[in-house]
Amino acid sequence: MKQVAVLGMPNTGKSTFFNRITGANASIGNWPGITVDLMMAKVKLGEEPAEIVDLPGIYDLRGFSEDEAVVRDFLEKTPLDLVLIVLNTAQIDRQVSLALQVKHLGVPAVLLLNMADEAPKFGVEVEPEKMAAHLGMPVMAISAKYGHGYDTAYRAIADSLSHQDDAVCVGKIEEHLVSDRKLAEEMGHLLQDAVHVPPQVKENWTTRLDKVLLHPVFGLPIFFATMFLMFQAVYALGTPLQELLGTGFDWLQKNALEPGLAGLPELFRGFLIDGLYTGLTTVAAFIPVIILFFFCMAIVEDSGYLSRSAFLMDALMQRLGLDGRSFVMSLMGFGCNVPAIMGTRVMRSPGLRMLSMLVIPFSLCSARLNVFIFMTTALFAANIAPIVLFSLYILSFVAAILTAFLFKGQYPNQEPFVLELPPYRFPTFKQILLRSWCEVRHFWRWSYRFIIFGVVAIWALNNLPPGVPPASSQTLSGMLGQFTQPILAPIGINSQLAVALLFGFVAKEIVLGGLAVIYGQSDDSQLMGAIAQQIDWVQAYSFMLFTLLYIPCLSTVAVLKSESKSAKFAWISVAWSVGLAWVSSFIFYQGARLLGF
Amino acid sequence: MLRIHLASLKPGQIATIVALQAEECLQQRLQALGFRAGRQVEMIRRAWFSGPLHVRVGTTEVMLRRSEAKEIHVTHLNEGE
Numbered sequence: 000m001k002q003v004a005v006l007g008m009p010n011t012g013k014s015t016f017f018n019r020i021t022g023a024n025a026s027i028g029n030w031p032g033i034t035v036d037l038m039m040a041k042v043k044l045g046e047e048p049a050e051i052v053d054l055p056g057i058y059d060l061r062g063f064s065e066d067e068a069v070v071r072d073f074l075e076k077t078p079l080d081l082v083l084i085v086l087n088t089a090q091i092d093r094q095v096s097l098a099l100q101v102k103h104l105g106v107p108a109v110l111l112l113n114m115a116d117e118a119p120k121f122g123v124e125v126e127p128e129k130m131a132a133h134l135g136m137p138v139m140a141i142s143a144k145y146g147h148g149y150d151t152a153y154r155a156i157a158d159s160l161s162h163q164d165d166a167v168c169v170g171k172i173e174e175h176l177v178s179d180r181k182l183a184e185e186m187g188h189l190l191q192d193a194v195h196v197p198p199q200v201k202e203n204w205t206t207r208l209d210k211v212l213l214h215p216v217f218g219l220p221i222f223f224a225t226m227f228l229m230f231q232a233v234y235a236l237g238t239p240l241q242e243l244l245g246t247g248f249d250w251l252q253k254n255a256l257e258p259g260l261a262g263l264p265e266l267f268r269g270f271l272i273d274g275l276y277t278g279l280t281t282v283a284a285f286i287p288v289i290i291l292f293f294f295c296m297a298i299v300e301d302s303g304y305l306s307r308s309a310f311l312m313d314a315l316m317q318r319l320g321l322d323g324r325s326f327v328m329s330l331m332g333f334g335c336n337v338p339a340i341m342g343t344r345v346m347r348s349p350g351l352r353m354l355s356m357l358v359i360p361f362s363l364c365s366a367r368l369n370v371f372i373f374m375t376t377a378l379f380a381a382n383i384a385p386i387v388l389f390s391l392y393i394l395s396f397v398a399a400i401l402t403a404f405l406f407k408g409q410y411p412n413q414e415p416f417v418l419e420l421p422p423y424r425f426p427t428f429k430q431i432l433l434r435s436w437c438e439v440r441h442f443w444r445w446s447y448r449f450i451i452f453g454v455v456a457i458w459a460l461n462n463l464p465p466g467v468p469p470a471s472s473q474t475l476s477g478m479l480g481q482f483t484q485p486i487l488a489p490i491g492i493n494s495q496l497a498v499a500l501l502f503g504f505v506a507k508e509i510v511l512g513g514l515a516v517i518y519g520q521s522d523d524s525q526l527m528g529a530i531a532q533q534i535d536w537v538q539a540y541s542f543m544l545f546t547l548l549y550i551p552c553l554s555t556v557a558v559l560k561s562e563s564k565s566a567k568f569a570w571i572s573v574a575w576s577v578g579l580a581w582v583s584s585f586i587f588y589q590g591a592r593l594l595g596f
Numbered sequence: 000m001l002r003i004h005l006a007s008l009k010p011g012q013i014a015t016i017v018a019l020q021a022e023e024c025l026q027q028r029l030q031a032l033g034f035r036a037g038r039q040v041e042m043i044r045r046a047w048f049s050g051p052l053h054v055r056v057g058t059t060e061v062m063l064r065r066s067e068a069k070e071i072h073v074t075h076l077n078e079g080e
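Chains as they are written, first to last, in numbering that gives the first Met the number 0: chain A, 0 to 596; chain B, 0 to 80.
Heads up, none of these hints are tricks.
Straight-line Cα separation of at most 27 Å, DSSO-like style, residue types lysine-lysine; simulated pairs:
#: 1; chain 1: B; residue 1: Lys9; chain 2: B; residue 2: Lys69
#: 2; chain 1: A; residue 1: Lys201; chain 2: B; residue 2: Lys9
#: 3; chain 1: A; residue 1: Lys41; chain 2: A; residue 2: Lys1
#: 4; chain 1: A; residue 1: Lys181; chain 2: A; residue 2: Lys129
#: 5; chain 1: A; residue 1: Lys201; chain 2: A; residue 2: Lys120
#: 6; chain 1: A; residue 1: Lys76; chain 2: A; residue 2: Lys41
#: 7; chain 1: A; residue 1: Lys210; chain 2: B; residue 2: Lys69
#: 8; chain 1: A; residue 1: Lys43; chain 2: A; residue 2: Lys102
#: 9; chain 1: B; residue 1: Lys69; chain 2: A; residue 2: Lys407
#: 10; chain 1: A; residue 1: Lys210; chain 2: B; residue 2: Lys9
#: 11; chain 1: A; residue 1: Lys1; chain 2: A; residue 2: Lys76
Now the in silico label distances, taken between C-beta atoms and shown as ranges:
#: 12; chain 1: B; residue 1: Ser66; chain 2: A; residue 2: Asp535; range: 51 to 59 Å
#: 13; chain 1: A; residue 1: Ala380; chain 2: B; residue 2: Ser66; range: 47 to 55 Å
#: 14; chain 1: A; residue 1: Asp116; chain 2: B; residue 2: Thr15; range: 26 to 34 Å
#: 15; chain 1: A; residue 1: Gly590; chain 2: B; residue 2: Gly11; range: 46 to 54 Å
#: 16; chain 1: B; residue 1: Thr15; chain 2: A; residue 2: Asp192; range: 18 to 26 Å
Partner residues are not named here, just some residues of chain B that face chain A (Cβ under 8 Å, in silico):
#: 17; residue: Leu25
#: 18; residue: Arg28
#: 19; residue: Leu32
#: 20; residue: Gly33
#: 21; residue: Arg35
#: 22; residue: Arg44
#: 23; residue: Ser49
#: 24; residue: Met62
#: 25; residue: Leu63
#: 26; residue: Glu67
Derived from the structure by calculation, the hints contain no laboratory data.
All values derive from a computational prediction rather than experimental measurement.
The beta carbon of each residue, even a glycine, is placed where N, CA and C say it ideally should be.
Construct the entire structure; sequences and hints are all you get.
The following block contains the structure:
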């Protein structure tokens, strides 16, 4: 099996290329001596079976960032048959440095000049043959997004690979690289010979759009309005789909599951239907909402708008001891906190990283969104529900800002902040679909075990010891709920909701499935009715506030600990978020009651 | 020739980079983004409340903070547009 690595600078469409060449069939691979997850896939390149690895995007083989260290480690430890370098054609004037560095490593390589469709818009012209002569490797112009030039490039790659009989060990990278001055000289020769870059970029639609979207006065309002519209759209399109799916699951239960399992003993049948099936389908019904959410996030990210938000927010972030990247990571956290926390690896200053990691868990992730959509639909009128939901998003920002403000003294940060602003791009439908599908698959794989474990445990607590009425105060869950009442009653959370909250420590996905099991209602609308009868909107909002602020899930805590390499830090994060959750809910609940609600 | 730093340019002004005087790590990142001696750099916009700067070097657009821009020395060239 031949070993191939894909290497490139950030924002060059490297992942799009990787998805294309692997047919989007990548999985997470393990590499000796490499601690982070790298995506890899086994494919046939021409006639050769090969293993392709997607390395993190880097600027410089000598670089100081963690990603750059990972790439160095990988290149030094793994014998390679071929390196595929992906660079952005429009920015070849600076990016060619990476190709030159790989040339000095002496490892077989093919340079792919990606985004070849974009270069003419900037007036950039490249002569691939001349570049190939300078670099001593094939140079192919492609568009990984639209597929132009891809077939020719693919043949060149397969050809290079078939001529490579033995894998090459790079050895110590530092010994191969030349000085900065020498590199600049080589770049100069190559660019003069093979590349034409206009001295000035003419006005294009990125510069025109930036005049509006980065406007000093209107920029931020436009950004938040866009976010608001996005969440509205997710809500408006997602809830009918979710109801449809819920009705389908219900029909399946009544017409297939219940008659089919009629012969089983009462307790076991209850476990299968009211425990497992109810819990799983209640969560599964939310998959359309999650797909839509990731669909929108992918558009915002791939269009280039997300990095603009870093520009808009940096003045505020700097005063909070953070920077624009922390804001972008927090926004990513609205999908799932775990990858967002891992994303802080791009930051080098420990203070900045710690503070960002403390802030990210307050981002309202898609698992919490499930719970909130459900509760708002159950307890608020249809015209008020979206506003209630939006208020939770606002509170999520407020909690993050408060946290950064209070803790910035503990985690000082002097890190410089320099970020590329890529041109605006239209993401293709396929690209967006693929990304949201991957995210949902990840979400489901990650959470279904927790959900199964959670709903089964909740069902057991609700039905044990045997012989007592299910979900009554004599069951284990009833006792557990009663036990927490001295703490949770002052914030309006009754013993049933308390049990769901306790399991929410494991994962928020369980909260909803747990409620379904606790109330013994699998049908969403019936469950909503049962809950609405028992609690009022003040209690529901207090419950949502608590759910929003206390720790997102065990996985997040585990990642906090592994990324900070400090159990103490993880404990601080847990204690602070639970404390903040309780105090906020207490103030809200008691305040609302005092005002007569 | 008057020596000034990038942070002092007004929007629309173009200058040539003379030298980078940042610590090693930042220096390397700036070079990788295209900030090298002899290249032209244009100030596109400056955010309010002493926020970040938006500049263009070659075909690459970059945002950076004023403190970082002060470490990039430039010669004043001409008004753009």
